[in-house]
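**Q** Residue numbers (the numbering used here), protein chains in the order written: chain V, 1 to 219; chain F, 1 to 219.
FYI, nobody ran anything at the bench for these hints, they're computed from the structure. Hints should not be assumed to be uniformly reliable.
If several chains are the same, the list does not tell them apart, and a pair holds so long as it fits within one copy or across any two.
[Unchecked claim] No farther apart than 30 Å at their CA atoms in a straight line, the calculated lysine-lysine pairs in the DSS-like style are these:
(1) K65 x K192
(2) K65 x K37
(3) K194 x K174
(4) K63 x K174
(5) K65 x K174
(6) K37 x K90
(7) K139 x K63
(8) K90 x K65
(9) K37 x K139
(10) K70 x K139
(11) K63 x K90
(12) K194 x K63
Protein chains: 2
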Amino acid sequence: MPDRKSPKSPHSTQDNPDEVNRRQALIRASARLFREKGYDATTVRDIAAAVGMRSGSPFYHFKNKQEILKAVMEVGLHQGFDRIVAALSKATTVQARFRALVRTQYGILHDDGSEFIAVLLYDWRSLPTESMQEIIRVKDRYDALWQETLREMLQAGLLGAHTHPHPSSESDEKMARLMVMGAINFTVTWYKQKTEPDQMDLDALADATVRFFMRSSTN
Amino acid sequence: MPDRKSPKSPHSTQDNPDEVNRRQALIRASARLFREKGYDATTVRDIAAAVGMRSGSPFYHFKNKQEILKAVMEVGLHQGFDRIVAALSKATTVQARFRALVRTQYGILHDDGSEFIAVLLYDWRSLPTESMQEIIRVKDRYDALWQETLREMLQAGLLGAHTHPHPSSESDEKMARLMVMGAINFTVTWYKQKTEPDQMDLDALADATVRFFMRSSTN
DNA sequence: CCTACCGATCGGTAGG
DNA sequence: CCTACCGATCGGTAGG
């Protein structure tokens, strides 16, 4: 019978629910700190303090600081993927799917406690190359969800230069994704959710975005 | 008669052409390094080595590392402003002005030796708050150049939801600027200029961008 | 602009 | 997960 108290085999995901919780707490706290100050400007001591640990203890859960960054990005992509899938499943028309994508992406980028993808966008360069490749695989699936709806939009003449139904090329679809997701993702550099009365909330931001990009079908 | 050899009054812009050149060399080298590795990951030793100095010498030209960052951003904004003005002055129609803005902005972001604005976008958080305010003043003038052309585009029905000439509100115009510039600026995260044959060059990227955002006037 | 250097901090580890 | 710690590095400075 194994000794359940002994803290063994560090750095790997544990069955022990306590360890899983501590690990998740570290990831969440790191996401918040990385988003606020950047990966390089955040010290392991900052992270440890944020969850009530001493400076050396995060290394019981992670091999090194870069592994924490990688975990933050992975959690963000999987969480984002799930939110996008859920939102798409409730939408029946192309227009509704586009609205759902836009609104959900803004939530993923700006909701409290949802700093993971913003960290991915900001601190991508700090990842070691091998980790980049693993993250890209997940990111590709994420992008594919967008691309599918954008293809339908293009072909229905609801997006871009063609006002009438029109076959679209793959490069058109890729460009549409890069432009639309670029515009939305770039909000991480300027959008601040405040309690000021004149400040756009995420619903208003999503509405304005949809209005800017999507043609009304009666055009 | 002042001794022209003595290296006095550091940290301020000098009349001495040699000092101005060394300072500019430091700014250019820093821009390249910051763009590549990020501000925090670039050491003062890296910067010094890039221009053939020893580690302490950059501090003869700049009070501290953050002042180098600020200088990089200022140079970039002024240089970008000048390029935008020059490009706009050659364009006679609204459509031509929009094309000029897009193509010029891509050059500003991706030309070799033009890493300043990319640094501004990436490392904004590393600036001290007081410097941020000074930079914002210059950036506002930059943005205003864009906003003016985008307003004309909106009112002519060449951009966004309205296909016919239409009065535009200031918030529509601001949103249009944030979306269009966001999409373009976000290319710093994914666009790589390569010599591969299938790679889009900046002309192709600009064309595709204009095609995506701008309605043809015969719509 | 160099030489020589310092104080502080940081990621990470050993041993329990 | 803590204690105690280390080696390396970093921004910055004094003095010439």
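**Q** Are the hints correct? Go through all of them and say.
**A** Hint by hint, here is what the structure shows:
For a Cα distance limit of 30 Å, the shortest separation of K65 from K192 qualifies both inside one copy, at 28 Å, and across copies, at 28 Å. In this assembly of identical chains, K65 and K37 lie within 30 Å of each other by CA distance both inside one copy and across copies; the values are 15 Å within and 17 Å between. In this homomeric assembly, K194 and K174 come within 30 Å of each other (Cα to Cα) only across copies, at 18 Å, whereas the closest approach inside a single copy is 33 Å. Taking identical chains as interchangeable, the C-alpha atoms of K63 and K174 are never at most 30 Å apart, the minima being 37 Å within one chain and 46 Å between chains.
Proximity of K65 to K174 under the C-alpha cut-off of 30 Å is found in neither arrangement, the shortest distances being 34 Å within a copy and 39 Å between copies. Proximity of K37 and K90 under a CA criterion of 30 Å is satisfied in neither setting, with 36 Å inside one chain copy and 42 Å between copies. For a Cα distance limit of 30 Å, the shortest separation of K139 from K63 inside one copy, 23 Å, qualifies, whereas the shortest one across copies, 42 Å, does not. For a Cα distance limit of 30 Å, the shortest separation of K90 from K65 qualifies neither inside one copy, at 39 Å, nor across copies, at 51 Å.
Proximity of K37 to K139 under the C-alpha cut-off of 30 Å is found in both arrangements, the shortest distances being 24 Å within a copy and 22 Å between copies. For the homomeric pair K70 and K139, the shortest alpha-carbon distance inside one copy (13 Å) is at most 30 Å, but the shortest distance between copies (33 Å) is not. Taking the shortest Cα distances, K63 and K90 never come within 30 Å of each other, neither inside one copy (40 Å) nor across copies (57 Å). When the C-alpha separation of K194 and K63 is checked against a cutoff of 30 Å, the pair qualifies neither within a copy, at 37 Å, nor between copies, at 35 Å.
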